[in-house]
Structure formats: C-alpha cells, structure tokens
Amino acid sequence: MFVKFPQGATERTDKDAAAEVLYDVVIVGAGIAGSIIAAQLSEAGKRVLILEAGPAEDLTLRGYESYLDRFYSSTSKDNQAPYPASLAAPMPRGTDTRRIAPGAPDTSAYLVQSGPLASDTTYTRVLGGTTMHWEGKTPRMLPDDFRMRTLYGEGVDWPLSYEDLAPYYAEAERVIGVSADVEDQSFLGITFDERYVYPMKGLPLSYLDRMVAKDVDGMPVELDGEQTRLRVRPFPQGRNGIPNPAYDGGNGFVPQGAVSTYQVEVGERCQGNNNCVPICPVQAKYHAGKTLTVALESGRVDLIAQAVAYRVHVDPETGRVQEIEYRRYKRPDSKAFTTVRARGRLYVLATNAVENPRLMLASGLRGSSGLMGRNFMDHAYLLTWGLLPEVAGTFRGTNCTGGISDLRGGRFRRNQAAFAVDIHNDGWGWSRGAPMTDLLDLVDNGGRYGESLRQGLVDRVSHQLLLAFMVEVPASPSNRITVDPSYTDRLGNMRPILTYAIPDYTMRGVAYARQLSKRIFARLGAEDHTDYDPNFWGYATYEGQGYEIRGGNHLAGTHMMGSDPSTSVVDADQRSWDHQNLFLVGGGSFPTVGTSNITLTIAALCRRSARAMLTQLDREQAPVQLATAGAPSHREEAGR
Amino acid sequence: MTDPTINSRDDLIRYLDAALALEHATIPVYLTAYYSIHSTTNSDAAHIIRVTAVEEMLHLTLVANVMNAVGGSPDLTRPGFVPSYPAYLPDGEDDFTVDLRPFSPEAVETFCKIERPRKAPDPQARLMAVRPEESLLVGSPTASGIRFYSIGEFYEEIMEGLQRLAAEDPKLFSGDESRQVGPEQFYSGGGMIIEVHDLASACRALQLISEQGEGLDTGVYDAEGELAHYYRFRQLQFGRYYQKGDKADAPSGPELDIDWDEVWKVKVSPKLADYPPGSELAAAAAAFNTDYGAFLTLLTRAFNGEPDRLQDAVWWMFRLRDSVNRLIRNPLPGSDGLHAGPTFEVTGTGGALS
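Chains A and B, in that order, give the protein sequences.
Just so you know, we're using UniProt numbering here: the first sequence kicks off at 1 and counts up by one.
Just so you know, we're using UniProt numbering here: the second sequence kicks off at 1 and counts up by one.
These are computed hints drawn from the structure, not numbers from a lab.
Note that this is a predicted model, so its numbers are computed, not measured.
Note that the Cβ used here is the ideal one computed from N, Cα and C, for glycine as well.
Fair warning: there could be bad hints in the mix.
Rough simulated footprint, nothing fancy, chain B against chain A, three-plus residues with beta-carbon under 8 Å [said to hold, decoys possible]: (1) 62-74; (2) 269-275; (3) 500-512.
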C-alpha cells in the first residue's frame with residue numbers, strides 16, 4: 001500500500017501562529033527518531049511540533065524522483081549525491097574529507113575536523129533524514145553488547161539489557177518493515193519470543209554470497225582459545241520482501257510502499273536494484289518519510305521545515321527547557337532568516353549524535369557530567385578486496401545481502417574489537433569506485449568501445465569481491481564533538497568540530513580482520529588486490545602496518561545513557577539528567593555501538609522513550625508557566 | 001436471453017484461453033507507450049500506465065489460476081496468442097483499433113476505450129455478430145461469428161458459465177493445487193493474487209479482473225479502494241488525480257503534468273518489414289521478439305506447475321526493458337524522424353512444455 005502524504009503539510013503550519021502554541025512535545029529533527037516519536041505521541045492524542053532543518057518540500061513522488069534524477073546525473077555517487085545541498089543547513093559529505101595535517105584542523109567543509117584521523121562520516125538533512133541514504137541493514141545488537149564492562153572489562157554497560165529492549169526491537173521491526181527469518185538471526189545469544197516471525201520473509205542471499213559461502217561455510221577460526229566456524233548469513237533488511245503470513249499471530253503484514261500525495265503502486269517489493277545507498281529507485285527500502293507521513297496524517301503533528309534549531313533556552317532555576325529558538329530561512333540559497341521560538345511541555349532533540357551535542361554545546365549546555373559531545377563513536381570500516389577465480393555475478397542484487405556475523409561476539413572481546421563482515425554486491429565500488437573506474441580504465445587505457453567495452457566491463461566487475469569489516473569502536477572521552485564560535489555556518493550556527501582517533505582496541509580488531517581476509521581470500525582462491533594508500537585521508541597505522549579506515553555513518557555515543565548522572569548524559573529513557581523535560585534521542589544515547597548498524601536500535605529506543613514521554617506528560621498535568629513577558633515572539637534579522 | 005455459449009468444461013477452457021489472450025493483448029500496448037516516455041519525464045503518466053500494465057499481468061495470472069483450477073493448461077506460446085497489431089477490440093464500437101503507439105493523446109484515448117466500463121443495454125445485446133474482415137481480441141471461442149458487446153460482458157458470460165457447470169459437475173474444480181500461483185510468487189501492488197480452488201474463489205478472481213479493469217462499472221474506486229483502470233487513464237485527460245469521494249467527472253486531487261513532447265515518437269504498430277533488412281535495428285527488433293517469445297515460454301512453465309519460475313520473470317522484465325530501449329531510442333530510416341519500436345511479432349514459440 002502506498003503511504004499517503006497530506007498535500008501541503010510542509011507549508012500548512014504558520015511559524016508565527018505556532019510560536020504562540022504550547023505543544024505537548026517539540027521535536028527537533030524529522031528523521032527516524034523524530035518521526036517514530038511524533039507518530040507514537042500523536043497516535044496517543046498529543047500535539048506535536050517538528051522542526052526540520054532541511055527543505056520544506058512535501059514528500060511527493062515527483063520530489064523523490066527529483067532526488068533520483070540528481071543521483072543519476074551526478075558524477076559522484078556518494079551518499080549525499082541525490083540530496084540538495086543547502087547553505088543554510090549544510091551536510092557533511094564524504095567527498096569533502098581531507099587528510100588532516102597534525103595541528104591543522106580541516107575547516108574547509110561544514111564538519112570541522114581536528115583529527116588526528118579524518119572521517120568521511122555523514123548524515124543527511126532532508127525530511128526522512130539519513131534513512132534516505134541508509135543501506136537498510138537492521139541487525140539487533142547482541143545481548144553481550146549491553147554488558148561490555150561486566151563481561152569484558154571494555155567500554156560501558158548499558159542501563160538496559162537485551163531483554164529490556166527486545167519487545168521494542170519487535171516494534172521497531174514492524175515500523176521499519178524488516179525482512180528476515182528468525183532461524184537465520186538467532187545466534188550469539190540473540191533470542192526472539194517463541195512465536196515471533198519478522199514482518200516479511202528473509203531476502204535471498206545473492207549469487208555472489210552463495211559463491212563465497214561454498215568455500216567459507218564451515219571455515220574454522222580459533223580466537224582467544226575459542227573455536228568457531230564461519231558461515232555466510234543473510235542480514236535482516238529494512239527493505240520490502242514477501243510478507244510473512246504468520247506475522248502478528250497470523251494477521252500477516254502489509255508492506256509500506258512509496259510515499260505519495262496520490263495513489264501509486266510502487267515500492268512494495270525490492271526489485272534488486274543495486275543502489276540502495278544512496279537512494280532506492282522505488283522506495284522499497286524503508287525511509288523515515290514513511291513514518292513521518294503517518295504522523296502528519298494524524299492531523300495533530302505540525303511540521304516547520306527550513307527551521308534550524310539555534311539555541312535551547314533553559315530556566316536557570318529549574319533546569320527545565322523553556323523554549324527552542326530556531327532560525328527559519330526562506331530559501332536554501334538565501335542568507336535571510338527569521339528567528340522564531342517553539343515551546344512545548346517536553347522537548348526532544350532527535351537530530352543525530354553530531355547535531356544533538358552541537359546544539360546543546362552551542363546553547364552553553366555542557367552538562368553536569370561534562371560528557372556532552374564526548375565518547376563519539378562510529379564503526380571503523382576496513383575494506384579488503386580481491387578477484388575471484390570465476391564469474392561470481394557481482395553487481396547483481398542489492399548493495400549487500402549477506403555476510404559473516406560469527407565474530408561479532410566471543411571471549412576475544414576482552415582483548416580486541418569484534419566485527420561483522422559484509423559481502424558487497426557492488427564489487428570494488430566502495431574501495432576503488434567500481435564500476436566507474438573500470439569503465440574509465442577500459443576507455444582511456446584500453447581504447448574499448450561498443451560491444452567490446454560492454455563485455456570488457458562485465459568481465460572485469462563480475463569477478464570482484466569486496467569484504468567490508470565493520471569494526472566496533474569503544475567509547476573514548478577524547479573522541480568528541482565540540483563547538484567554537486569562530487566556526488559558524490551561514491545562519492550563524494556554530495559548526496560541529498570532530499576530534500577522532502581510533503583506539504588500539506579497535507586497531508587490534510582491524511589488524512585481525514586484515515589477517516582473516518587473507519585466509520578467506522586464500523580459501524576462495526581469490527587474488528588479493530587490497531592495497532592501502534599512505535596518502536589516504538583515513539590512513540592509520542598499527543604495529544607497523546597501515547590501513548585505510550573509513551567511517552560508517554553510524555554516529556553514536558555523544559550523550560551516552562547510564563544509571564548514574566555523573567557518568568552519563570541521559571537516563572535509560574533518554575531523558576536528560578540535567579533538564580527533566582528534555583530528551584536527547586538517537587545513537588548519541590548508546591554507551592556501546594557493538595557491531596550492529598545503529599538504526600534499528602535507535603528505533604527501538606525511541607519507541608521505548610515515547611512511552612516514557614507519555615507517562616511524563618500524564619504526570620505533569622499542571623500548567624507550565626510560560627516565559628512570555630516582554631519578549632516578542634520573533635524578530636526579523638538580516639543575514640550577515 | 002440468447003443461448004449460453006459455455007456448455008461444457010471444454011467450452012469453458014476455450015473461453016479462459018481467450019481471456020488469457022485478451023489480458024495479455026493489452027500489455028504490449030501499454031508497454032510501448034510506457035517505454036516511449038523519455039526517462040525522468042512525465043512521471044505521472046508513466047506511473048499510471050505502468051501500474052495498469054502491471055495489473056494486466058495480475059489479471060493474466062488470475063485467469064491462469066482459474067484455468068488450472070478446472071484442469072486446463074495455460075499456453076502463452078500457441079500461434080496467434082500475441083495479436084497482430086492493429087487489432088479490434090469488441091467494445092460494441094467498430095471504429096477504432098488498438099495500435100502499438102507512443103504516449104500521446106491518441107494513445108490515452110485508446111486506453112480509455114479499452115478500459116471503458118460498458119454494460120450491454122439489454123441481455124440480448126451481450127453477443128454480437130462479427131464482421132467478416134475483423135481481427136478480434138475477443139470473439140466467442142465456441143460460437144463462430146459471435147463477439148461480445150464489451151470485455152465486461154465477456155467475463156459475465158464466463159462467470160455465468162462457471163456457475164452453471166459447477167452446479168452440474170461437482171468435480172469441476174479438480175485441478176492440481178500445486179499449479180496455483182500464490183502471493184509468494186506473484187506480487188503486483190495493485191490487488192492480491194487469488195488462489196483458485198472452488199467456485200467462490202474462481203468468481204472472486206474473475207470479479208477482481210472485472211472491477212479493476214474493463215468491467216461493468218463499479219465506480220471510480222473498487223472494493224479494495226483501488227482506482228479502476230478507466231479512471232486512472234481519465235486522470236491523464238482531466239490533468240488531475242482523483243481522491244476518495246470524487247465523482248467520475250470531477251477529480252479533485254493534486255494536478256498532474258503532462259509533456260507530450262517528452263516522448264520518443266515511435267512509429268505506430270511497426271513491423272519487422274519496416275526495418276532495413278540486415279540493419280542493426282532489424283536485428284534488435286528480431287532479438288526482442290525472440291526474447292519476448294522466450295519470456296512467454298517462461299510464463300507458460302510458471303503457469304504449468306512451476307510457479308517459482310515467476311521469480312525469474314523479474315530479471316527477464318528488466319532485460320526486456322533494455323531490449324525495448326535499444327529500439328525506441330533509435331530513429332527508423334525513411335520514416336520522417338519516427339523511431340523504431342518493438343513489433344511484438346511473436347509467432348508460436350512451440351515446444352514450451354516439452
């Protein structure tokens with residue numbers, strides 16, 4: 001079924017009128033976290049205002065197709081290629097990344113990087129947020145990931161257990177519409193309710209996966225005295241597949257297709273196109289626009305886009321948030337903006353683990369624990385690539401369908417980082433720009449054209465194998481987001497500054513991953529073509545060996561949750577310890593990032609937090625005193 | 001009332017065979033218009049045509065399920081299964097033919113005529129005499145020289161026949177259940193596939209075809225809230241989408257844009273004979289016809305006990321798309337700038353079931 005977007009919803013809310021409303025909840029950010037909370041709260045009858053920094057354009061089919069057109073016609077096919085760049089609400093872009101010289105931060109792009117290691121990590125500032133460009137993998141975290149300190153003396157324990165979160169994982173899998181089979185996903189302690197099935201049946205492994213599995217399944221690995229055997233296993237995916245008739249006690253599941261203002265039938269099943277990242281051509285891949293649309297259809301959710309949160313105002317006596325001051329720009333290319341305020345009983349910062357702390361720090365709210373912005377985490381990706389001895393059908397299927405999950409957990413985690421391994425169906429795309437680089441080489445250096453060029457390209461890419469090792473990065477207080485008034489964007493917002501280095505714990509996992517990849521390639525009879533360039537922006541050395549490290553856009557840790565206000569920023573409900581009516585939600589709340597892509601866990605946490613918000617709203621029935629004396633609701637300001 | 005024309009299981013199967021051909025016959029028409037649209041333009045029109053074509057594929061599969069349920073063997077490879085365009089449609093008028101056309105006002109006009117819901121003015125009028133020179137998409141397969149007032153009336157005849165035969169023959173639905181195509185294998189987005197095991201499910205399947213498509217008019221939206229094909233196309237003529245609650249003559253949804261110039265001007269109903277002998281175009285056109293024949297063979301196998309083969313149909317359709325694009329993006333020499341197109345001259349591919 002298509003998802004009907006209420007036409008005009010991005011324009012219907014007058015910002016000046018909204019400034020006079022006391023909403024139940026004001027949410028900053030219309031990505032998956034904000035959309036889930038808005039949908040859940042509005043369903044419970046609450047009035048919600050969402051502020052979104054990205055363009056105020058309805059989610060129409062044509063609008064989505066304009067993203068596609070931009071992607072198709074763009075020479076760079078990076079994560080942000082489909083999405084319009086806005087000077088008023090800039091986005092980090094992987095192609096901006098530069099090697100950082102010691103002592104000289106790279107300030108050339110929106111995300112200021114002070115190193116020592118540069119990161120190409122990104123997020124997307126449009127309606128739907130980064131789920132517009134995400135790949136759609138939705139693994140649950142392992143039970144061990146929540147108890148890393150207790151079990152392995154590394155990282156931090158969560159104030160929640162896997163069992164606490166499990167029912168919310170199930171809810172998140174419904175919201176996203178996950179395709180997977182329980183029997184494939186029950187490993188390393190991950191358990192499901194007895195009769196649970198995923199909403200849709202698992203998507204098939206690609207031909208390439210099966211070629212790899214032929215030789216890798218059963219491969220023995222011994223690590224820290226523990227024996228394990230590897231197996232190519234499908235990933236759960238936020239992409240539409242065959243609905244499981246046994247879902248929901250036999251009621252089945254209806255996949256959500258494309259978002260549109262009128263009836264269309266597209267996107268209800270994945271077609272196997274190979275550009276999930278940065279955009280699914282048919283919207284078979286979940287994006288948060290689908291959930292945002294449900295929220296807007298309730299009629300209780302107002303949305304003001306082109307609205308960049310500028311400052312969180314706090315009552316110095318009570319610590320409670322009084323209002324969020326935001327800057328609304330008229331056009332993405334204009335310097336002019338209007339300052340407006342938004343007020344609610346509760347406030348939710350639902351941007352991401354970079355923008356949440358950026359806004360708090362820019363508001364002078366460093367947090368009583370001093371941890372705001374600290375413990376930035378991402379996944380460290382190590383890529384290894386080779387050529388298989390036979391045609392393996394590379395470039396068939398979606399970006400990634402299967403991989404190796406057996407080394408996500410184990411006793412070795414007391415010494416070195418765990419990882420998940422992706423088998424990439426897009427060949428050397430990530431490491432070396434295939435197939436474009438192959439095409440250019442065949443034309444420029446091979447003089448090929450016509451039939452010979454077509455065949456030559458097929459011959460080259462169909463042997464390519466790329467293994468992506470997604471290595472966990474533990475919390476480290478020195479990895480952090482900060483702000484500095486000398487770095488601002490066009491609207492006068494302080495830009496985020498990233499300070500980032502890969503801890504040795506992770507590098508030990510990276511080094512082990514490289515060794516394992518050599519064994520896997522040998523077993524497959526693959527020629528190893530992995531070659532790490534010392535001039536690469538993410539080049540890192542460990543024990544004399546150099547590696548290219550890439551970011552995963554799995555932003556986490558910067559407002560970590562915990563049970564002790566002195567060692568965490570939010571509680572298990574993602575409520576700020578310092579500001580009782582403020583929730584900071586998303587990956588920033590994670591104490592550990594484990595070896596799971598973070599979106600499913602973000603969704604589960606937000607489903608859980610929304611309940612806590614409803615409880616709090618019911619509890620705090622007393623009228624809230626409004627600080628309206630004298631202050632005009634907004635004032636016009638010229639741009640600088 | 002005229003005499004019924006379905007009096008035995010064989011009669012019924014011949015009718016269902018004709019229904020299979022009818023449902024298929026509109027697909028080349030829609031695909032030609034769909035692929036003639038310049039990519040990234042005319043989004044509204046492209047989606048409307050695409051979804052209609054996809055629903056015709058659903059209808060084709062529904063007919064195959066009914067046929068299998070009564071012990072028939074759907075065959076999409078028999079000679080004459082793919083009509084020779086232009087072809088007449090039996091809608092009571094005889095002043096238009098169905099062509100393979102690029103997207104154009106004429107094409108939309110034809111789509112509306114194909115899909116127009118029409119109920120015969122009286123029961124006597126359901127069956128009409130065929131004029132000798134007509135090439136028919138739907139003639140009666142059992143009574144020679146008879147055609148139907150409309151496609152809707154054709155399906156009415158089948159449903160009445162089914163009911164009559166089911167009442168007489170308790171073993172009518174004795175087909176092998178493993179030959180049914182279910183939702184695991186077939187998915188269209190516009191309506192669910194129905195597995196057919198008895199009279200009720202057979203009628204539901206045929207009713208769905210009738211309601212979505214060329215039926216007897218059940219209103220702008222069908223029982224499942226889907227727009228009927230006729231009204232989908234009417235949106236292109238009104239320049240506006242329908243939304244729930246609209247009357248047929250006054251859609252009130254969002255406006256839609258059409259740019260008739262953003263279209264490859266494909267020669268109407270081209271034939272292989274139009275392409276210069278020995279040219280790459282002629283080879284590409286012939287290759288498409290071969291591929292299309294092979295695709296029909298694949299479907300025939302899927303409808304004859306191997307439903308899982310429909311998964312292969314997905315990448316086959318991508319291949320056919322690429323094959324059509326190779327033709328449509330190239331001008332046809334000596335045609336005043338008109339472009340080539342697929343000719344759909346598929347003679348029986350034969351031997352499919354061996």
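Consistency of the hints with the structure:
{"no.": "1", "hint": "62-74", "in the structure": "holds (count 5)"}
{"no.": "2", "hint": "269-275", "in the structure": "holds (count 3)"}
{"no.": "3", "hint": "500-512", "in the structure": "violated (count 0)"}
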